[in-house]
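J.: Next come the chains, spelled out residue by residue.
Protein chains: 4
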Amino acid sequence: MIHTYEMTVRGHEMDSFGHVNNAVYLNYCEQARWEILREKNLFHYFTDGGLFLVVTETTIRYSGEARVFDELVIKTELMKESPYLVFKHKIFNKNTGSLITKATFKTLLLSQDRVPQDIPEDFL
Amino acid sequence: MIHTYEMTVRGHEMDSFGHVNNAVYLNYCEQARWEILREKNLFHYFTDGGLFLVVTETTIRYSGEARVFDELVIKTELMKESPYLVFKHKIFNKNTGSLITKATFKTLLLSQDRVPQDIPEDFL
Amino acid sequence: MIHTYEMTVRGHEMDSFGHVNNAVYLNYCEQARWEILREKNLFHYFTDGGLFLVVTETTIRYSGEARVFDELVIKTELMKESPYLVFKHKIFNKNTGSLITKATFKTLLLSQDRVPQDIPEDFL
Amino acid sequence: MIHTYEMTVRGHEMDSFGHVNNAVYLNYCEQARWEILREKNLFHYFTDGGLFLVVTETTIRYSGEARVFDELVIKTELMKESPYLVFKHKIFNKNTGSLITKATFKTLLLSQDRVPQDIPEDFL
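Residue numbers (the working numbering), protein chains in the order written: chain A, -10 to 113; chain B, -10 to 113; chain C, -10 to 113; chain D, -10 to 113.
Check the hints yourself; a few may be wrong.
You can't tell identical chains apart in this list, so a pair holds if it fits in one copy or across any two.
[Stated by the list, open to error] Straight line, CA to CA, 30 Å or less: simulated DSSO-like cross-link-like pairs of lysine-lysine:
(1) Lys91 / Lys29
(2) Lys77 / Lys91
(3) Lys91 / Lys79
(4) Lys29 / Lys77
Hints are computed from structural coordinates only; laboratory data are not their basis.
Construct the entire structure; sequences and hints are all you get.
T.: Here is the structure:
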């Protein structure tokens, strides 16, 4: 299953080179993950249980630039690689269809005490 | 004329107190101003002419809190107080209708050499 | 008593106009306030008691620009205007001495339940 | 040669989980790179020539957490893998010595027209 999240680049997200700063794409990917939590009704499961997904590794390739008002589509695929939950994001320019960024986030589901938890089946 | 911009709070915009950080509201207001530039077709007028709106003064009152997934509506009113262009923003929670933040931004239109320019009539 | 905090502008804090974005100065001022908490040994008093300072109003005047590597000095004065604790920040360029920004933050000390608390005497 | 950059975590850099957000470490690494440009007197070479280092790929492993006031040391190693300039950053907690984050940034030196340029020898 591929999850889709659409968003528009904001002006303050550009850096002094006039394009979206490399770190900002991690915020975009994070928001795509929050939206997945929401859609799967896992948000309250997480907050009530004091659980959180911690990122343990990220690989990101930048193949294009984005600028203010660019409409982006983030396509996210989830897979379980025990004990990790892996998110594969691809960020496209909605109008041109070109790939801007491709990122993989390896995450662990932790309790407040930093103990790894099983990934709920509903996630996948 | 009141300009309206709608947006949703992102997870990474919350700080360690679990609510949107005070500085982030300035980003939200800035984006509302970018959208006004776009709708009035002034964006290219600005970039082609090397002009930019510089904020000289901001007053902001926080009367509520916002959290991830909250849908916000930013209502913006523009007025000319020569030589300033003044933006009055009100940020509401879209669902409850309650006022979250009220902000006034005094701006000057400057050239690259930091020389104040006349505000184009199309702005108002 | 005037509290002094020194810092250097980071490259990613500049926006597409090549200077520090207006919202970033609120981050700088916030950090000056965190440092005051630390120096007055109030940080653990706050976190242990679940207390936090919430900003209710900010007024900020921008009179200069800052760029990457600029060394800034933030001078902060605290005063109690019951029930508020008010922080007056002035941000100077350390080398030229020129005033960049002047900001006033009105804050309330709240419990987790958002109930206003008395300001500890140690603060002032 | 290993370049060293020291910094302290700011309060607003923590997210709603009370630790430094994963994207913020990219800002930290970026600042370490800016400092290298400065120390090698390449900053003006870059800005005068309209050149900039664009990140094409990042791999980052998070092995620890950082919180407000934590003092961090970023150790950076540069190497040329033509046509790339590669930065290997390790972020340590200065007091405990433990490794927080390990990141590799592959960069290209581009002109304003996005044409790859040779890496100046002074860089290495």
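J.: Each hint: holds or not?
T.: Okay, the hints, checked on the actual structure:
1. Lys91 / Lys29: within (23 Å within a copy, 32 Å between copies)
2. Lys77 / Lys91: both (8 Å within a copy, 20 Å between copies)
3. Lys91 / Lys79: Classified as both: same-chain Cα gap 5 Å, cross-chain 23 Å, threshold 30 Å.
4. Lys29 / Lys77: For Lys29 and Lys77, only the intra-copy Cα distance (17 Å) is at most 30 Å; the inter-copy one is 37 Å.
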